[in-house]
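Asker: With chain A's structure known, arrange chain B on it following the hints.
The residues making up each chain are set out below.
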Amino acid sequence: EPEVTQTPSHQVTQMGQEVILRCVPISNHLYFYWYRQILGQKVEFLVSFYNNEISEKSEIFDDQFSVERPDGSNFTLKIRSTKLEDSAMYFCASSHLTASSYNSPLHFGNGTRLTVT
Amino acid sequence: AQSVTQLDSHVSVSEGTPVLLRCNYSSSYSPSLFWYVQHPNKGLQLLLKYTSAATLVKGINGFEAEFKKSETSFHLTKPSAHMSDAAEYFCVIRYNQGGKLIFGQGTELSVKP
Chain A
1 EPEVTQTPSH QVTQMGQEVI LRCVPISNHL YFYWYRQILG QKVEFLVSFY NNEISEKSEI
61 FDDQFSVERP DGSNFTLKIR STKLEDSAMY FCASSHLTAS SYNSPLHFGN GTRLTVT
Chain B
118 AQSVTQLDSH VSVSEGTPVL LRCNYSSSYS PSLFWYVQHP NKGLQLLLKY TSAATLVKGI
178 NGFEAEFKKS ETSFHLTKPS AHMSDAAEYF CVIRYNQGGK LIFGQGTELS VKP
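Protein chains in written order, with the working numbering: chain A, 1 to 117; chain B, 118 to 230.
Only chain B is shown next, with the shape it has when bound in the complex:
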């Protein structure tokens, strides 16, 4: 069975400091992984996706994620947080081609001035 676990339900950082949102996955074969962001009262926006072409994936708004097979991790990072980054972030795994996405529990990111 495939699943994702987001290790922190809430992360708080100061503006200008690095962001780390942790995600571990479980999959019996090479997974398809995504990070989505949800701003308050908004829909789900794709931040980035993992393809087997590169283990370091760059997304929008300065976010990136590194696929580490040995650690079964796909952590999301950003060098310097901005106030507008405050949102809920979801690590997501695709079950199979054309199949459903399975969402992690979400991590709420707060950014302090």
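Chain A extracted, bound-state conformation:
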């Protein structure tokens, strides 16, 4: 069964550094998402991406964050200058939606654990 894959599984970085989290969504999916889960807290929506542009973003997704689909397979999340509070598990997800697939679920990757020191 096709999977969403994320790399790396764990990233350690120093405060102020840039990080890029990588994701390969399922190949025929059209919608892409990033979520994060701070330790002990609920899963939070960051951004959704469709047709090569951001379709929705949360208040968490400020100017320090950006997403890109640089080629036909990868979907990346960049944090320009990491802060301690960016430490979290970041999940990539993708979904295959058509007009008749309102209930099409999101398929999540195993996540990248980002630790900012």
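Check each hint, because a few of them may be wrong.
To be verified - Computed Cβ-Cβ distance ranges for the label pairs, DEER-style:
| id | chain 1 | residue 1 | chain 2 | residue 2 | range |
| --- | --- | --- | --- | --- | --- |
| 1 | A | Glu53 | B | Ser145 | 22 to 28 Å |
| 2 | A | Val24 | B | Asn178 | 22 to 28 Å |
| 3 | A | Glu59 | B | Asn178 | 34 to 40 Å |
| 4 | B | Gly133 | A | Ile60 | 40 to 46 Å |
| 5 | A | Lys42 | B | Lys175 | 25 to 31 Å |
Because the hints were derived from the structure by calculation, they are not lab data. No residue lacks a Cβ here, since even glycine has one placed at the ideal position from N, Cα and C.
Answerer: Chain B only, in chain A's frame:
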């Protein structure tokens, strides 16, 4: 606005006994609802999804959920718990087609031998 509320942050059951994880939703129109499970150090796995075709939804690993519009509930059940069911469970609502998922707070299920 759409939201989900998971009524228990932690549920503990004995192996072989029934599981009930409660979820209530708030939606101004017919919602799209899901249950996801997260095992320790793993990603989020879809357990089941609600479609308007049936109010009783069967998922993987023997789990099922019943959509009750009159009670705005979508509780997750399993007749007999297994040790491998120990995990965090999330009730999730979709905001609109193509839109974001909104997660409940999660319920941690512990299974005692």
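Asker: The structure should be examined with respect to each hint, and the outcome stated for every one.
Answerer: Hint by hint, here is what the structure shows:
1. A/Glu53 <-> B/Ser145: 22 to 28 Å: For A/Glu53 and B/Ser145 the Cβ distance comes to about 27 Å; the hint holds.
2. A/Val24 <-> B/Asn178: 22 to 28 Å: Given a distance of about 26 Å, which is inside 22 to 28 Å, the answer is holds.
3. A/Glu59 <-> B/Asn178: 34 to 40 Å: holds, 36 Å
4. B/Gly133 <-> A/Ile60: 40 to 46 Å: Given a distance of about 42 Å, which is inside 40 to 46 Å, the answer is holds.
5. A/Lys42 <-> B/Lys175: 25 to 31 Å: holds, 26 Å
When each numbered hint is compared with the structure, no violation occurs for any of them.
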